[in-house]
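Engineer: Each chain, written out:
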Amino acid sequence: MKQVSKNTERSAREGLLLILPLAAGCGLFYAVPFLMVLQNSFQRGTGRSREYVGIETYRSMLRSGVFRLAFGNTLKFLVVALPLIILLSYAIALLLKNHARKHEALKSVLLLPYIMPVVGTVLLVELLFAQTGLVNKGLYTLGLPVADWLHSKAAFWVVIALYLWKNTGYSVILLLSGLITIPEDHYAAASLDGATAWQQLRYITMPQMWYSVFFAAVFSLINAFKCFREIFLIGGTHPDQSIYMLQHFINNAFDKLNYPKLAVASVLLLLVLTVLFALSYRWVRRKEAYKDA
Amino acid sequence: MRRAFCFFLLTMVLFSMHGCGTGHGAEPTHTLWVVTEASCSDGMNLQAKIIAERMEKENPGLTVELDILPTDPQEREIILKQLRTKIMSGNGPDVFLLPTGNALTTDYTNEHLHRLTRNTEIEPLFLDVNQAMRSGQFLDLTTFYDGDPAVDTAALKREIMDAGTVGNRRYVLPLRFNIPVICTDPKLWDNYGISREKLTSGGPELVWTLLEWAGSAPICAGVQLPADLTLLSDAFDYEQEQLLLSPKTLADYMCLYQRWRSAAIPGEQMLLQAALTETMSYVEDPMWKSILEEPSRDLFRTIRSYNTLSNYVCEDIHWSTKGFPLFSCSMADSLESLAVAKTYESIYGEKRELFYFPWRDSGGAVTANVTYWGAVGSGTIEPELSYGFLRQFLDEEFQWDTYRPKQNDSGKRPQAEVQCAGQVENSWPVRASGSAAALWETLRYQNRKIAFSGRKESHQIGAAARALSFRDSDIPALSWDIDEVRFPVTISGADSLEYALSQLNEPDGTPTDADIDALAQQVYQGLWWHLAEG
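Sequence order for the protein chains is A and B. Per the numbering used here, residue 1 is the first one in the first sequence, and the count goes up by one each step. Per the numbering used here, residue 1001 is the first one in the second sequence, and the count goes up by one each step.
Careful: at least some of the hints might be erroneous.
Said to hold, decoys possible - Subject to a maximum C-alpha distance of 27 Å in a straight line, what follows is the list of computed DSSO-like cross-link-like pairs (lysine-lysine):
| no. | chain 1 | residue 1 | chain 2 | residue 2 |
| --- | --- | --- | --- | --- |
| 1 | B | K1081 | A | K226 |
| 2 | A | K107 | A | K97 |
| 3 | A | K226 | B | K1198 |
| 4 | B | K1248 | A | K153 |
| 5 | A | K76 | A | K6 |
| 6 | B | K1248 | B | K1198 |
Quick caveat, the hints were computed from the structure, so don't treat them as lab data.
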């Protein structure tokens, strides 16, 4: 019994040693900078002019129209884009499930927009949605009214379309890898019992896919923030108000040397994302609890 | 293998520790990192170099590193990003010595060895000095400044110096400033039958009045409506983070600008061409003819060339002698107008009285702009030395441009070594008391082109100009009550007023069908972004 306990202790120690480099890296490159940002959000000035101002910057930021616009647009983008990408990629993954193992090339095709250089993506958007772009030319030919897609409220939906086009393939791959781990005999047994396709999806596929969906959502969230590069190249530092994101605010505050505003924006964004992440993770854990039982 | 590795490590440790010992006994060394912009070679860069050399002599072990920001846009963008990162991390420069606005005037020598100037558009390091003061980018200099016996605060223009403070704290030392001035010749002005009250009304109002005389080219060409916010009342309330201008105010200004350009540009071209033709008719020297025809020269190319002493002396080109009833200029340029009037009087014995008044903003306020300033960076590790460096720019010798090269009366000095035209940074020093006489002492040597002049009386007129002297009481702007002092704000790209105004007219002044309301809304939006993000 003592020997078993010693072995467990030793293995725990070895485990800790193994994760130490990673933990140190995370601490040094993520935790420490974040703590510095947090500290800065309660201060004003830099270097010798630094002084503690408490939550003054938070107060002024919450009153600021531009910050609210940027924060609101970012949340709106996430609220619209994340469910859409998950639904779309889930549907595509289900359609491809039976062929996933047969066509390895399919995965490469799906990932093509994801690995496309940003400049290429932006050129494509310009080609389609500029005032003299293909979309407007098509509309004009059909006798329909044309629009300024990139400098009006429509820009938001162009960006959503761009995001979906670029990142859906990546989410499909993630979800496909979850789908093919579900044993085929579950479906065979259900078919024998007379379960319909919808019932199989609801009672077999969905309960076993929560973790995959969760990770697809997390990666889609990360990709949503990466989408800023394209938005920036399309609209510059001050695009149409409908696509003015939090990254624009942070980027422009940097150019104007306002570190406290930049820090507060980052902290508030992280706070909201952490809460969202924690709630969804908790929900997924609850859904997947039957596996532990 | 392990032993060899241990030996290697030990050797490396010993080598690295070796460096720790070498400093013992050596003199402590400091570097003062001064960030500045390129200027004319006899301008602020010259002053900074002299002060840097002096400080290095006075403080053994001190190196003053003058870091002149590049003007090439691509190189500049990278440098500014690096600099901003350093400032934010608290490791920024010790001293900032910078002009306001987004235009730099620098000089170069052409193939005829003539000193010429050019303007370059740049992105400033600090887009808004007021915001930078409020967000704590500079060191609080109150204790240094208030306790410094070497600063003669009574001689400095108080309203201008106070612009460098927020609350009770002083962050910035304004070094030079400007007030927009309108100069008039009452004799000519009376012919138009417009009262003095109308003349001294707010800036845009005055131009609306002038446009009633749009048929008369000189009246519109002489007043240059600025393509920035100078003539509009203050745009920003930094405390409340509120925009004080409305889109309608901007649209009204744009309408005015469009109307004014339509009238002024054809008039300006007509006047400049007439002046060129007249001068060419009596110039015999082929080299001088080719110089006059050079497109890069200011003379006969911009209306500002109608307000320089040297152009008057050499070519009889000056607004007051060419029938302009009024002329807008900077406070610094007003000294040249005065010099021309006095020279004319002394040569021709005819009294020429000019009348000066401030070009008020739309709210009727007399507004001054800080044009050059200095501050100690919050990242400095040498606050006292940094302040000591900066403070010297307020001394008489630097405020009054004592070290600008002066041409001797024989005119033998090589052209490349003479002064650039006009005042340093085209503005007035904040050490206003006693400044008129001192600045004139430098300016009077700028009649350098006499050797090439086609005008027969040039030498006689030049000598008369150099014999003049001025006192502060001769410069009316020095006694005006200043209502407001601003640090000009730079908003770049399509959101700027400058860009919007450029969309309103063709280069020849013909109005375009640009939608003024949409452009005004865009500019308003740009101001809103600026205030909220900074």
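Engineer: None of the hints should be skipped; say for each whether it holds.
Structural biologist: Hint check results:
1. K1081/B <-> K226/A: Judged against 27 Å, a Cα distance of about 21 Å means the pair holds.
2. K107/A <-> K97/A: holds (12 Å)
3. K226/A <-> K1198/B: violated (58 Å)
4. K1248/B <-> K153/A: The given pair, whose Cα atoms are some 24 Å apart, holds under the 27 Å limit.
5. K76/A <-> K6/A: Status violated; Cα separation ~53 Å.
6. K1248/B <-> K1198/B: holds (23 Å)
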